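Residue numbers (the UniProt record's numbering), protein chains in the order written: chain A, 1 to 266; chain B, 1 to 256.
Calculated directly from the structure, the hints in this document are not laboratory data.
These numbers were taken from a predicted model, which means no experiment stands behind them.
Misleading hints may appear alongside valid ones.
Claimed, not checked - Derived EDC-like pairs: lysine to aspartate or glutamate, alpha-carbon spacing no greater than 20 Å straight-line:
id, chain 1, residue 1, chain 2, residue 2
1, B, 222, B, 243
2, B, 222, B, 32
3, B, 75, A, 163
4, B, 194, B, 183
5, B, 220, B, 8
6, B, 75, A, 261
7, B, 194, B, 213
8, B, 75, A, 108
9, B, 165, A, 163
10, B, 63, B, 131
11, B, 15, B, 60
12, B, 63, B, 16
Claimed, not checked - From chain A, some residues computed to sit far from chain B (all C-beta separations above 10 Å):
id, residue
13, 41
14, 111
15, 159
16, 161
17, 165
18, 166
19, 167
20, 168
21, 169
22, 254
Built from N, CA and C at the ideal position, the CB exists for glycine as well.
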Amino acid sequence: MGRYRGLFPYALAAGLIILLAVFAPYLAPMDPYAQDLSLALRPPDSVNLLGTDRYGRDVLSRVIVGSQITICSSLLLLVATTVFGSVVGALCGLRGGRLDTIVMRLSDVFLAFPEMVFAIAAASVIGGGIAGAAMALILISWPKYARLARGLVLTIRSMPYLEAARMSGSSDREILFDHVLGNIAGPILVTAALNLGTIIMELAGLSFLGLGAMPPAAEWGAMMSNGRSMIQTAPWVILAPGMAIFVSVAVFNMLGDKLRDVFDPK
Amino acid sequence: MALLELHDIVKSFQKDGKPVRVLDNVTVSVEEGKCLGLVGQSGCGKSTLARIASRLTEADGGKILFDGSDITELKGNGLRHVYDGLQMIFQQPESSFNPRRLLGWSISEPLRRHGVSEGDCRERTAQLLREVGLDTDYAERYPHEVSGGECQRAAIARALALNPKLLICDEITSALDVTIQREITALIRSLIEKGMTCIFITHDLALLNDVADSVAVMEKGKIVEAGSTVDITSHPKSSAARELLEAALFEEGFEG
Numbered sequence: 001m002g003r004y005r006g007l008f009p010y011a012l013a014a015g016l017i018i019l020l021a022v023f024a025p026y027l028a029p030m031d032p033y034a035q036d037l038s039l040a041l042r043p044p045d046s047v048n049l050l051g052t053d054r055y056g057r058d059v060l061s062r063v064i065v066g067s068q069i070t071i072c073s074s075l076l077l078l079v080a081t082t083v084f085g086s087v088v089g090a091l092c093g094l095r096g097g098r099l100d101t102i103v104m105r106l107s108d109v110f111l112a113f114p115e116m117v118f119a120i121a122a123a124s125v126i127g128g129g130i131a132g133a134a135m136a137l138i139l140i141s142w143p144k145y146a147r148l149a150r151g152l153v154l155t156i157r158s159m160p161y162l163e164a165a166r167m168s169g170s171s172d173r174e175i176l177f178d179h180v181l182g183n184i185a186g187p188i189l190v191t192a193a194l195n196l197g198t199i200i201m202e203l204a205g206l207s208f209l210g211l212g213a214m215p216p217a218a219e220w221g222a223m224m225s226n227g228r229s230m231i232q233t234a235p236w237v238i239l240a241p242g243m244a245i246f247v248s249v250a251v252f253n254m255l256g257d258k259l260r261d262v263f264d265p266k
Numbered sequence: 001m002a003l004l005e006l007h008d009i010v011k012s013f014q015k016d017g018k019p020v021r022v023l024d025n026v027t028v029s030v031e032e033g034k035c036l037g038l039v040g041q042s043g044c045g046k047s048t049l050a051r052i053a054s055r056l057t058e059a060d061g062g063k064i065l066f067d068g069s070d071i072t073e074l075k076g077n078g079l080r081h082v083y084d085g086l087q088m089i090f091q092q093p094e095s096s097f098n099p100r101r102l103l104g105w106s107i108s109e110p111l112r113r114h115g116v117s118e119g120d121c122r123e124r125t126a127q128l129l130r131e132v133g134l135d136t137d138y139a140e141r142y143p144h145e146v147s148g149g150e151c152q153r154a155a156i157a158r159a160l161a162l163n164p165k166l167l168i169c170d171e172i173t174s175a176l177d178v179t180i181q182r183e184i185t186a187l188i189r190s191l192i193e194k195g196m197t198c199i200f201i202t203h204d205l206a207l208l209n210d211v212a213d214s215v216a217v218m219e220k221g222k223i224v225e226a227g228s229t230v231d232i233t234s235h236p237k238s239s240a241a242r243e244l245l246e247a248a249l250f251e252e253g254f255e256g
């Protein structure tokens, strides 16, 4: 139980962030989209705890509601990428042959480009909006899971229990789901947890560049982009979503580190 | 009538970019209800031959006949159907079970894959465990929670789940201590006496006295001598058989 102890605070913090994201509309003190130009760029006070933006919208409410787009999209993205990449990689490792060669060469192509540059290019081609940004990130992220899963499968592929399962009459699909995925899940989960912070940053980064969430959506990257011209006159507009990204990424990265300690105590 | 026939089996592996022949036109067969002992030093190709016979490894040439049918090229459902009658037990008992599954789950896996209901699976698993001399509560244990001998018994139970005609035992006693080796060979012998056909692979020629009806001696990928167990253990002709017999007698001397 000792090695789980260090995990608890980070799991709790990550859980709170996810709960905040899920219940954001009920937790925001004000309407995050209600504009009132007479209240524009008010510094933090007792009414607007994190101040207002150039349209008089409450920054705290926008940061809270923004967590729903950023965190929930990142989580969904992570699940989609991890599941897709892992299943493809595990199948390649199990089957080998032409499927393995084609998929691995394809993944080499994706891995040959710097991640963010490729994501920007892909998001531009696919089109704007958070869905386009998510698609671009799936496109650049799946190969690392496929490679990891394939490598893990290759280490267990010659284990007699897989051969015994085959002789028991199990199909490739049954072997994959009943024997392989459970035995390679640990390292993949750790990689996914460590990658969540990166995905949050990349998604926010694409929105910051205008390739993700579109105005007036309350998304952290887009909020930072809107506030960048006011960094000297109204720094709270950019600092609030920036801190939200920083805290979330830090919490999920530390959770990933602790998960790695739990799954790989060496 | 021969249950399994291997004709002119050829197999090469790549080593440093060059093909190394590990099986050189091996022809061997096992009669129904009998036990063939396959013996030879490490690296002589016996395990490769067993894996080719069970279609876990593809041969480069030759023909495999099981129960009168050519199974050399079978794949998919056809091969799955062959495994109803042909099972293999592996050398390392613990690694032949999924470490994340209970022994009971693994033993009943062949039954589940053949559509047996959950209740019947439990009942049959308990029966199989009793047959191999284990308590039924072993179904609720993980592979790392039992000894090597118990794990190998559980592996035998799984192999018996579908009532196969042929058991291929690939050095199933080599990871076990001498007392447990005798118990496992006695268990295999009792199965043969009930009509099971068996290929028993070992490098311990003395062990075959307890279990095999006939013996084929392998050396450098070839069968160099074949005959009844009594003939080969009492009057070995080939140098390979003589060396194996001397080694076995030497070990027995130490064991007293």
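In rising order, the numbers of the hints this structure does not comply with: As far as the earlier hints go, 2, 6, 8, 10, 12, 15, 16, 17, 18, 19, 20 and 21 are violated by this structure, in ascending order.
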